[in-house]
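Student: Read off the chains here:
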Amino acid sequence: MSDPATEGAAEDPAELARTVEALLFLSSDPLSLRELQDATCAEEPALIAALALLTEQYAPGLRGIQLRELAGGYTLASDPGAEDAARRLFSRPRAATLTPAQAETLAIVAYLQPVSRPEITRIRGVSADSAATTLLERGLIEEAGRSQFGAVLYRTGTQFLKLFGLRSLDELPDVARWDPTPEEQSQLRERLLRAGEARAESGPAPQ
Amino acid sequence: MSDPATEGAAEDPAELARTVEALLFLSSDPLSLRELQDATCAEEPALIAALALLTEQYAPGLRGIQLRELAGGYTLASDPGAEDAARRLFSRPRAATLTPAQAETLAIVAYLQPVSRPEITRIRGVSADSAATTLLERGLIEEAGRSQFGAVLYRTGTQFLKLFGLRSLDELPDVARWDPTPEEQSQLRERLLRAGEARAESGPAPQ
Amino acid sequence: MSIATLELDLDLFSGPFDLLLTLILREEIDLLELELADVVLAYLDHLEARGELDLETATEFIVLVAALLELKSRLMIAGEDDEELLDIEPDEAAEELLARMLDASRFRSAAAYLHELLAREHGVRFRRAAPPAGVLRALPAAPEDPLDPSILGAAIGRLLVKPPPVNLRHITINRVSLAERLAHLRTLLARGRFNFEDAVTGADRMTVAITLFALLELYKRGEAAWEQADNFGEIHVHTLHEEVGAPVSAAVAAGAAG
Numbered sequence: 001m002s003d004p005a006t007e008g009a010a011e012d013p014a015e016l017a018r019t020v021e022a023l024l025f026l027s028s029d030p031l032s033l034r035e036l037q038d039a040t041c042a043e044e045p046a047l048i049a050a051l052a053l054l055t056e057q058y059a060p061g062l063r064g065i066q067l068r069e070l071a072g073g074y075t076l077a078s079d080p081g082a083e084d085a086a087r088r089l090f091s092r093p094r095a096a097t098l099t100p101a102q103a104e105t106l107a108i109v110a111y112l113q114p115v116s117r118p119e120i121t122r123i124r125g126v127s128a129d130s131a132a133t134t135l136l137e138r139g140l141i142e143e144a145g146r147s148q149f150g151a152v153l154y155r156t157g158t159q160f161l162k163l164f165g166l167r168s169l170d171e172l173p174d175v176a177r178w179d180p181t182p183e184e185q186s187q188l189r190e191r192l193l194r195a196g197e198a199r200a201e202s203g204p205a206p207q
Numbered sequence: 001m002s003d004p005a006t007e008g009a010a011e012d013p014a015e016l017a018r019t020v021e022a023l024l025f026l027s028s029d030p031l032s033l034r035e036l037q038d039a040t041c042a043e044e045p046a047l048i049a050a051l052a053l054l055t056e057q058y059a060p061g062l063r064g065i066q067l068r069e070l071a072g073g074y075t076l077a078s079d080p081g082a083e084d085a086a087r088r089l090f091s092r093p094r095a096a097t098l099t100p101a102q103a104e105t106l107a108i109v110a111y112l113q114p115v116s117r118p119e120i121t122r123i124r125g126v127s128a129d130s131a132a133t134t135l136l137e138r139g140l141i142e143e144a145g146r147s148q149f150g151a152v153l154y155r156t157g158t159q160f161l162k163l164f165g166l167r168s169l170d171e172l173p174d175v176a177r178w179d180p181t182p183e184e185q186s187q188l189r190e191r192l193l194r195a196g197e198a199r200a201e202s203g204p205a206p207q
Numbered sequence: 001m002s003i004a005t006l007e008l009d010l011d012l013f014s015g016p017f018d019l020l021l022t023l024i025l026r027e028e029i030d031l032l033e034l035e036l037a038d039v040v041l042a043y044l045d046h047l048e049a050r051g052e053l054d055l056e057t058a059t060e061f062i063v064l065v066a067a068l069l070e071l072k073s074r075l076m077i078a079g080e081d082d083e084e085l086l087d088i089e090p091d092e093a094a095e096e097l098l099a100r101m102l103d104a105s106r107f108r109s110a111a112a113y114l115h116e117l118l119a120r121e122h123g124v125r126f127r128r129a130a131p132p133a134g135v136l137r138a139l140p141a142a143p144e145d146p147l148d149p150s151i152l153g154a155a156i157g158r159l160l161v162k163p164p165p166v167n168l169r170h171i172t173i174n175r176v177s178l179a180e181r182l183a184h185l186r187t188l189l190a191r192g193r194f195n196f197e198d199a200v201t202g203a204d205r206m207t208v209a210i211t212l213f214a215l216l217e218l219y220k221r222g223e224a225a226w227e228q229a230d231n232f233g234e235i236h237v238h239t240l241h242e243e244v245g246a247p248v249s250a251a252v253a254a255g256a257a258g
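Residue numbers (the numbering used here), protein chains in the order written: chain A, 1 to 207; chain B, 1 to 207; chain C, 1 to 258.
There may be inaccurate statements among the hints.
If we take Cβ atoms under 8 Å as the criterion, some of the chain A residues that face chain B in the derived model are [said to hold, decoys possible]:
| id | residue |
| --- | --- |
| 1 | Gly-64 |
| 2 | Ala-85 |
| 3 | Arg-88 |
| 4 | Gly-139 |
Because the hints were derived from the structure by calculation, they are not lab data. For every residue, glycine included, the Cβ atom is placed at its ideal position computed from N, Cα and C.
All chains, full assembly: derive it from the sequences and hints.
Tutor: Here it is as structure tokens:
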């Protein structure tokens, strides 16, 4: 596994940086420090130095490729400046656009994971079936076992963090941030009450 | 598509080089001069200058990624010097599971190979892009040329037999065991396509 | 199967479960007149005929029936001829409903935030390619725990299943079909937006219901959404997805019309 040649190589920061660059190029998933260490057989400080060197080489504006820290690891990605050309070449837009139903379902999974489909339905008030299926299909959510009642549970996966530019789920803001203001709440309450009264007046209750 | 801004940008050799670099990075196949020209909307001399610039930046020994000129055009590839590390990276133990979408896609490839991506989509009734790409990355399927209509064809890859502990494709289980309508005579491929299209029609929307 | 397609044959209604829900929400069917016990019995019959319990479907069913029961009990109390109850009930009901709406609104905002994140990443693409052949060939012979190849055969078996033909005749008496209503809505959508009322001018109740069902279907597929400024107000329907939109929809509409 770790023959002397490799060990020696790992000592040269420039060479280690080249190896790390090659690994990042080959891997479609972000690579954690740990994974890079296992693959390169390098010590952590050497690896950190190599990553610092790469970060310089990939400084914004220099290259058509970016070095990003995403989903708990490092990964290479194209520079957005090339998007027009990329769209012409691949004749399709970047994969992820979300319908409102998909975005809501994804938000519920991201914040409440693991969460079951009936729970998502209850929160949204409408069925989440086709949205969840599409998100699964696109790898944005994945199955995470079953609830005690046997319903499939969902969580977000690496693909979600990657596409949304997040290092980890901790970067998502606290959901309480979107609580309506007290004024908004009381407005809503009034509207509900008015609707309830309208119904009570207009609907002669059937026996 | 080709607004003045893009055209102007294409004049700057460094910027054009960055765009070309991004395209080469994203494409798993070599890109011809013609394809690069169509995608970047640049003139051929400008493009050749950009490629010369990239060739300098990717001069041997500088990077962990190489720029290669092949018969089919230009491509980026990892430096062979990183092969040991790459082997260690890819042989790290990973969960040997398949999502339902991946299992379906892999089954279609295994039983019908060679099979094209559009055929897989028709059979499944939903896009198979994400699943197929993941299977490619895991070496479970590989490209097997192009159909007469130019679509990529897939067959099972080097890792397929390993994952299922099979010695050869002949050991794939007989589908008859799971066949819901064994009395039907036509070929498996025809029947899968018909069933897939029937499912697509029963959901009224275009995919 | 999904609980949505559970076939019901009740005194008040016969057709699939999700159409029943739609009609109740639209107040075309009075929930107070509906025997929920019959719905539960129909589901139990279905379970017995099927011989197995699909837990996910069962959970979904219980959630939906519980929601209907809750709604119905609320209606029954509010309907009592009692001034005091009338004063109090809407209040409490509103509080409860408010809590739910807040929950939903939180996640709608979170969804909007996810859209922002995604927009910020616009143009960032990742390389997705197979590892070099040399690396793949060198990988270890087999995982310690190989997968069972029968999952492949079973997957093919599932893919060979044809869906049962969609049949809404028993509720539409052949005058109006979901496909036709879908085509109708898509034609209207080609303009970008329209009023739901305009889509059902002069139509009978069943056509209205099927049209609403078709609208839900379009929403589910991400083709359309709607806004309703006030409760019981006008419903403005608009197109959602340019990509899925015009050309294909127009083709479908033309096909259905011909």
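Student: None of the hints should be skipped; say for each whether it holds.
Tutor: Hints, verified against the model:
Proximity of A/Gly-64 to chain B holds as hinted, the smallest CB-CB distance being about 3 Å (cut-off 8 Å). Taken as an interface hint, A/Ala-85 checks out: its beta carbon lies about 5 Å from the nearest beta carbon of chain B, inside 8 Å. Interface hint status for A/Arg-88: upheld, as the beta-carbon distance to the closest one in chain B is roughly 5 Å, under 8 Å. Contact between A/Gly-139 and chain B, as hinted, is supported at the beta carbon level, the nearest pair being about 5 Å apart and thus within 8 Å.
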